[in-house]
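Respectively, the protein sequence lines represent chains R and F. Our numbering applies: residue 3 is where the first sequence begins, and numbers increase by one. Our numbering applies: residue 3 is where the second sequence begins, and numbers increase by one.
These aren't lab readings, by the way, just hints derived from the structure by calculation. Where hints are given, some of them may not hold.
No distinction is drawn between identical chains; accordingly, a pair holds when it is met within one copy or between any pair of copies.
[To be verified] Keeping only pairs whose Cα atoms sit at most 27 Å apart, straight-line, the calculated DSS-like set for lysine-lysine is:
hint, residue 1, residue 2
1, K488, K23
2, K444, K480
3, K506, K271
4, K133, K92
5, K141, K269
6, K173, K35
7, K191, K467
8, K92, K200
9, K371, K291
10, K25, K133
11, K371, K506
12, K141, K488
13, K144, K191
14, K92, K191
15, K200, K143
16, K207, K467
17, K282, K544
2 protein chains.
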Amino acid sequence: MKISIAQINYHIGNFEGTFEKMKFAIEEAKSAKSDIVCFSELATVGYPPRDFLEFDDFIHLSEDLIDRLCAMSDDIAIVVGAPTRNPDPKGKDLFNSAYFIAGGKVLFVQHKTLLPTYDIFDEYRYFEPAKEWGVVEYKGKKIALTICEDIWDVATDNPLYTIIPLDEMIKHNPDFIINVSASPFSYTKAAQRIDIVKANVDRYKIPMFYINHCGAQTELIFDGGSIVMSPNGVYDEMPYFENCTRHFVLEDVIAGTIAPEIQDKTKIKLIHDALVMGLKDYFSKLGFKQAVLGLSGGIDSAVTAVLAARALGSENVRVLLMPSQFSSDHSVEDARILAENLGIQYDIIPIRDMYDVFMEKLSPLFGDKPFNVTEENIQARVRGILNMAISNKFGNILLNTTNKSEMAAGYGTLYGDLCGGLSVLGDVYKTEVYELARFINKDSEVIPLNSIVKPPSAELRPNQKDSDSLPDYDILDKILYLYVEKRTDPSDIIAAGYDESLVKRVLRLVNINEFKRHQTAPVLRVSSKAFGMGRRMPIVAKYLN
Amino acid sequence: MKISIAQINYHIGNFEGTFEKMKFAIEEAKSAKSDIVCFSELATVGYPPRDFLEFDDFIHLSEDLIDRLCAMSDDIAIVVGAPTRNPDPKGKDLFNSAYFIAGGKVLFVQHKTLLPTYDIFDEYRYFEPAKEWGVVEYKGKKIALTICEDIWDVATDNPLYTIIPLDEMIKHNPDFIINVSASPFSYTKAAQRIDIVKANVDRYKIPMFYINHCGAQTELIFDGGSIVMSPNGVYDEMPYFENCTRHFVLEDVIAGTIAPEIQDKTKIKLIHDALVMGLKDYFSKLGFKQAVLGLSGGIDSAVTAVLAARALGSENVRVLLMPSQFSSDHSVEDARILAENLGIQYDIIPIRDMYDVFMEKLSPLFGDKPFNVTEENIQARVRGILNMAISNKFGNILLNTTNKSEMAAGYGTLYGDLCGGLSVLGDVYKTEVYELARFINKDSEVIPLNSIVKPPSAELRPNQKDSDSLPDYDILDKILYLYVEKRTDPSDIIAAGYDESLVKRVLRLVNINEFKRHQTAPVLRVSSKAFGMGRRMPIVAKYLN
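Please model the entire structure based on the sequences and the hints provided.
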């Protein structure tokens, strides 16, 4: 028996485009004489479809697509994830299902049992869990169909669910397992995925074919890396961040005779590649080609510009250099050198005249109030207007260049440097931005060394340094990681060796700035806990603030 | 037996403040010789606590509060909603529970069964559903404890859940039901709440004491209106939008001898009162007193200013009048009259000089590109900077004045008129804003009639009218209501008698502007489907756009 895995980049709600991609993969699989071709979770609609699932019309369009797949299944079986209507009036109206289609019709449907409802996942919002489990028999083989999370709750001390669906399916003696997934990237996920597939293969002693989405959907990046594993170990791991279809002979998989190509899973390389794919798909799926951003001479905008040029092409990235009276000479120079290194269009617009006229108009209202964050913010907001003017006039999407440390601490100006349609580095701590910069420069100095080695500064008042307002990033990022990613209690962070008043100050900064993050662009997610849909905090609260 | 209902305004995570409020209510109940005093759902932590529930420390603080309530329960029983840890390692780590505390200890805990996970609710994100149901016996009475949603799934054709918890509890023959709730306001909810309590009382033939939160938490407004109902009908309905404690003799409730005071539930009055409470609590719970907003002479900013003055006091609201070369003379005049009617501080800053210097700097980049939305947006963004300068310099929260029709259609400038910490009218359609204005003016002309009767215009280009870009609001709002609130399929909206190309255009506008709403302030929720946390749409998608 031969099984094909189609690792595809879907576009939510683009039923016609999805059909074309599936048709292409089905034809490839037929040419390879495969018996079964497998697509990923909710492939008909794209993942996550979110509240579009509440529209009857949307479900109809998915059902139409299933019908069209049936029509192509005369000489090949098709496994595909799609929503199913719940015939019982009780419970949620839909299931999240894996369809087994063959001989022109739907042979079998298995619904998803474990519905992730945490972090970025909202599946119980839409779906009823499965309460029945079977296997499908095809060409003499029994196959267990599982959907993503269904395989994730084995071998853990504190399982999220009270049932293990494969423990039920295994009673029917399946020959192998197919798992259709939409498992979003984080830099730790690739390793975890191998571990969890292995835990299942070890538990049930049969092979597993694990099919993942590949492509970015707004903030979520699906990294591919589909896995074929037999009880003898990993048979194949498909490429990360790349669409492709591969074909596997079941008997060879069981024999486990080949070792897979080792892919580089260095944290920073993964993050780099994920961000490039995240950028590329955000633009292409919205129908945009060109980006604009403000280049300050600092490291965040430098790294963002490089990633944008790699994702969109140098010809599609333009930058504004917008020095103020507080900008150092070398800042403009560093920005200019980077723009030239990248071969991207740049324009220089000093902001002083705009700033001065705002101050002239406002000074009667300000009276004798001293210079403070207000004046700093006016500079950042003048730059925001200029960037957005280019965006509006030429149809470029403005990229937000804020990093995760700044987003966490609220060190950024709402409607100023926080403007932008997509936050590229909002899930990358400042210390990781440095690592990215060094990774980018590994073969040649793309980013001027000066942008990397100089002390970080917003340059919004004379001789300002980030360290005037924030702890050193080395310490700040570690405290933030414990609090944001690990949800560590304040007392435990202090017990880990950090100064009590510093911890309290940092946690307070995080919590009082929830209102800023509420209004920030979607953040490309690369960690296990990004700001945005996966982290839901009250704005009005009185806890750790 | 005497039962007290404490309808209280909680502040999420403010454990000390919550204890003081509870203590006050307990003492009131003791003075009234009550046997039981009841607080609402998750009262110890405030609702919705969102991801704070993932912090062990936060749960500890709730447990400490329960201990302190135990210490006050020697001569009164206390019913209170709080999270409970799930002792089973399997399943979610918490339950959403109702505690029955008496004689210094926790006598009984009933967990919530039906976990709302739709619209603004995320309860299955945190909680495991109950699988056991009992009643608590106290002073010779058996009491069934339920938590909010637990009573909402009776007598419906398409129930969301597969179980009805009271059907289980009723087997123990309870004498009455207590329901601790956190049921957010929408203008249709008050009537629904009475209906659902009645459906339960009719089904089980025993009285129900229904205790609701009262107070706003960012976008969610909890309107109180706690209900006491016997099989003979409504015994009492407590005030809307008002904190209070009332005491009820069980035997009188059963006898059903008094008729409750009728409260005015006119849609527009409810929305008005809800918005005033929403504004007031947003400011007070964040520790702010003063608001700023831009007053254009149009109806949206006029209504927002009135609501702000009513919520915060005239002395705490200031406005900027920021005419451009495209503003009509009467606009400034209408705005000035309103400011004077309200007795609020106003300043006039014409924006032309700022606009001109931006255009001077940008024109070399724009070349011969014609005037378009770019130039309109620059005006709106200059106003955004000025408003935010007042906000930053004086500590006023900027109010967003956008209405729901504009938010839906994307008719507003990101980082311009969409600036602000709170969207006051973002869940009020333009046609409803007119109704609000007339409601405000019912006794005297607070809002100048001219602001109400003139054709709406953004005044960002010569002789601009909203109707140049948008359908008439009468039609637009009806289509939006069907699509947003009712999730009606496009074909059904057309079948309802709306022009096909118009429907497609409106739905396309809604869908292509998801990115703007993603970056907008929290919206005070008054309808059954507001933009924000209750409506989760992909930004990058290809469906109806």
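Each hint tested on the structure:
1. For the homomeric pair K488 and K23, neither the shortest alpha-carbon distance inside one copy (39 Å) nor that between copies (33 Å) is at most 27 Å.
2. In this homomeric assembly, K444 and K480 come within 27 Å of each other (Cα to Cα) only inside a single copy, at 25 Å, whereas the closest approach across copies is 58 Å.
3. In this homomeric assembly, K506 and K271 never come within 27 Å of each other (Cα to Cα): the closest approach is 33 Å inside a single copy and 43 Å across copies.
4. Taking identical chains as interchangeable, the C-alpha atoms of K133 and K92 lie at most 27 Å apart whether they share a chain (13 Å) or sit on different chains (18 Å).
5. For the identical chains of this complex, K141 and K269 are neighbours neither inside a copy (42 Å) nor across copies (63 Å), given an alpha-carbon limit of 27 Å.
6. In this homomeric assembly, K173 and K35 never come within 27 Å of each other (Cα to Cα): the closest approach is 31 Å inside a single copy and 61 Å across copies.
7. Taking CA atoms no more than 27 Å apart as the test, K191 paired with K467 passes in neither setting, with 35 Å inside one copy and 52 Å between copies.
8. In this assembly of identical chains, K92 and K200 lie within 27 Å of each other by CA distance solely across copies; the values are 21 Å between and 36 Å within a copy.
9. Taking the shortest alpha-carbon separations for K371 and K291, only the inter-copy value of 19 Å comes in at or below 27 Å, while the best intra-copy value is 45 Å.
10. Proximity of K25 to K133 under the C-alpha cut-off of 27 Å is found in neither arrangement, the shortest distances being 32 Å within a copy and 46 Å between copies.
11. Taking the closest pair of Cα atoms, K371 and K506 never come within 27 Å of each other, the shortest separation being 30 Å inside a single copy and 52 Å across copies.
12. For a Cα distance limit of 27 Å, the shortest separation of K141 from K488 qualifies neither inside one copy, at 47 Å, nor across copies, at 46 Å.
13. Taking the closest pair of Cα atoms, K144 and K191 never come within 27 Å of each other, the shortest separation being 30 Å inside a single copy and 51 Å across copies.
14. With identical chains, the CA atoms of K92 and K191 are at most 27 Å apart between copies only, with a shortest distance of 23 Å across copies and 36 Å within one.
15. Taking the shortest Cα distances, K200 and K143 sit within 27 Å of each other inside one copy (21 Å), while across copies they are farther apart (56 Å).
16. For a Cα distance limit of 27 Å, the shortest separation of K207 from K467 qualifies neither inside one copy, at 58 Å, nor across copies, at 70 Å.
17. Only between protomers do K282 and K544 lie at most 27 Å apart by alpha-carbon distance; the minimum there is 16 Å, versus 40 Å within a single protomer.
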